[in-house]
Every structure is written in structure tokens, then in C-alpha cells.
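J.: Sequences are here, hints too, so could you generate the full structure?
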Amino acid sequence: MSQIETTIRNRREELRKVVEAVDRIAAEHYLDADVVGDMQVALDEVLKNIVDYGYTDDAEHEIRIRLRVLDSAIEATIEDDGVPFNPLESAVPDTRAPLRERRIGGIGLHFVKNLMSEVSYNRIDDRNRLVLRKKLTA
Amino acid sequence: MDVREEQVGGVTVVQVKGRLDSTTSPMLGERLSAMLGAAKARVLVDFSQLEYISSAGFRVLLQAAKLADQNAAKLVLCGVSGKVRQLFDLGGFLDLFPITATRDEGIAAVS
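Taken in sequence, the protein lines are chains D and V. Counting from 1, one number per residue, gives the positions in the first sequence under the working numbering. Counting from 1001, one number per residue, gives the positions in the second sequence under the working numbering.
The hints are simulated quantities; they were obtained by calculation from the structure and are not laboratory data. Where a beta carbon is used, it is the ideal one built from N, C-alpha and C, also for glycine. Hints may contain errors.
Here are the simulated BS3-like cross-link-like pairs (lysine-lysine), alpha carbons at most 25 Å apart as the crow flies [unchecked claim]:
1) K1074(V) <-> K17(D)
2) K113(D) <-> K1074(V)
3) K48(D) <-> K1083(V)
4) K1083(V) <-> K1040(V)
5) K17(D) <-> K135(D)
6) K1017(V) <-> K48(D)
7) K1066(V) <-> K1017(V)
8) K17(D) <-> K1017(V)
9) K48(D) <-> K113(D)
10) K1083(V) <-> K135(D)
11) K17(D) <-> K48(D)
12) K135(D) <-> K113(D)
13) K1040(V) <-> K1066(V)
14) K1017(V) <-> K1083(V)
15) K1066(V) <-> K48(D)
16) K48(D) <-> K135(D)
17) K17(D) <-> K113(D)
18) K1074(V) <-> K1017(V)
Covered stretches of chain V (in silico footprint by chain D; criterion: 3 or more residues with CB under 8 Å from a CB of chain D, positions within the stretch not fixed) [as the list claims (entries may be wrong)]:
19) 1050-1056
20) 1060-1070
Reference excerpt, derived from the structure (chain D facing chain V, CB under 7 Å, subset only) [as the list claims (entries may be wrong)]:
21) R16
22) A21
23) I25
24) L31
25) D34
26) G37
27) D44
28) E45
29) K48
30) T95
31) R102
32) I104
33) I107
T.: What follows is the structure in C-alpha cells.
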């Protein structure tokens, strides 16, 4: 088992560091491209959400990401000190609305819930902790 | 992500390679807006070299499709397969955009 920890600031341009970290741990373990793609999409959705909506001030905040490859899954733990937010309680988006009425809101978390094998959320002290797990085999 | 543009007849073919996520999609959005801002533009986006697309990428595509609508321009997608197709399906986007299997079919559809 190996792990990578990285801390980013709550800025969009910081997200590429996480993409690179996932690539690195995936390469070390020769992970399947589809598994890695699903984890990359899920992390993009979760982190973009935190950066865009997680804070009520304009201050700089740290978001901690820990990546681990376990026996049968890749796991990402995301911790932030933003407003309490449980992605598992987000509304299901309308994926059948026509173009003019289509809204993108909610689609990202819909992806997270559907692409990941397991998602768990905890509010610990003043922090959100989200754990994403994706099985290495179908 | 790598975006390559090519003129085929009156059609602009946009080949998108790599990953379309919140880091890379603003760049594609700017390019598509510039192209589709012109009246009656014909744009084919080829996703056959795309690894994955997140909601930030879909947001850019939705904006582009709405802009095409307003300007009587045409936007068609092709090469939507594998992981990318699965994400289109999951988000309910397969019926939202005109999509063809191959680039040649796409050029015919958009012309």
C-alpha cells in the first residue's frame, strides 16, 4: 500500500496538482485507465465544488487530499474547513430537460455518486471529510 | 488537453485530445465561443482522442450549443465513445447534442 498527501489552496488553478498526484499514484500501481479516469472526474467535481461554494469569505483556505491504493480500491480523502456540506444529500438533477432549460448544477455530484464504488461523508470538528473509493476491478 | 483546429471545406473541425475538466475546459470554451459567435458557423468537435469529461466540460458544451442556436450556427460532435460516452449517458447528454459516430459523418451532418 502506498499513499500520497497533498494540500492545495482554494483556487481553481490548484486543481491540476491533484490531477498530477492521481496520475503519479496510478502509474506506480499500473492502475486501469478507466478506474483512474473515474477518480479524476470525481475529484474534479468535489474540489471544484469546494473551491466555488465552500467558503463564505474570500480568504485563503487549505484543502487536504490523501490518496491511497488499497488491495482492491483506490481511495481519496478530502478534508476542508468550508461550510458543512454533505454531497450525498444533494438533489438528483434533471438529466432529461431540453437544451434551453438544461442546467449543469448538480450533474457533477451525480457523477461522483455514480462513478464511485463508495462515498462517505463526516463532519469532524469544523471540517468536512469526504472519502471516495473506487474498486480496481469491475 | 490539446485542441487542434482544421478547416475542411466550410467546416471547422476541432480535435480535443486529453482531459476536459475544470482546469482545461475554459480554454475550449473560449475557442468555441469565438467560432460560434460568427453567424452560420459550422463546427464539428471530434472527441475520439478525449480521455474523460467532467461537468465543467459539459458546461462549456451547453454554452456552445446555446450560442450556436442563437447565431443560426451548427455544432455537431463525433467520436463519443468508451468512457466519454458513458459520462454523456450518465449526464443525459446523448440526446442533447447532435452526435455522429465518425468524423466523415459529422462533416456531412454539419455541412
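J.: Determine for every hint whether it applies to the structure shown.
T.: Okay, the hints, checked on the actual structure:
no., hint, result
1, K1074(V) <-> K17(D), "violated, 36 Å"
2, K113(D) <-> K1074(V), "violated, 33 Å"
3, K48(D) <-> K1083(V), "holds, 21 Å"
4, K1083(V) <-> K1040(V), "violated, 32 Å"
5, K17(D) <-> K135(D), "holds, 23 Å"
6, K1017(V) <-> K48(D), "holds, 22 Å"
7, K1066(V) <-> K1017(V), "holds, 23 Å"
8, K17(D) <-> K1017(V), "holds, 20 Å"
9, K48(D) <-> K113(D), "holds, 15 Å"
10, K1083(V) <-> K135(D), "holds, 16 Å"
11, K17(D) <-> K48(D), "holds, 13 Å"
12, K135(D) <-> K113(D), "holds, 14 Å"
13, K1040(V) <-> K1066(V), "holds, 13 Å"
14, K1017(V) <-> K1083(V), "holds, 14 Å"
15, K1066(V) <-> K48(D), "holds, 23 Å"
16, K48(D) <-> K135(D), "holds, 23 Å"
17, K17(D) <-> K113(D), "holds, 23 Å"
18, K1074(V) <-> K1017(V), "holds, 21 Å"
19, 1050-1056, "holds (count 6)"
20, 1060-1070, "holds (count 4)"
21, R16, "holds, 5 Å"
22, A21, "violated, 13 Å"
23, I25, "violated, 17 Å"
24, L31, "violated, 14 Å"
25, D34, "holds, 6 Å"
26, G37, "holds, 4 Å"
27, D44, "holds, 4 Å"
28, E45, "holds, 6 Å"
29, K48, "holds, 4 Å"
30, T95, "holds, 3 Å"
31, R102, "holds, 6 Å"
32, I104, "holds, 4 Å"
33, I107, "holds, 5 Å"
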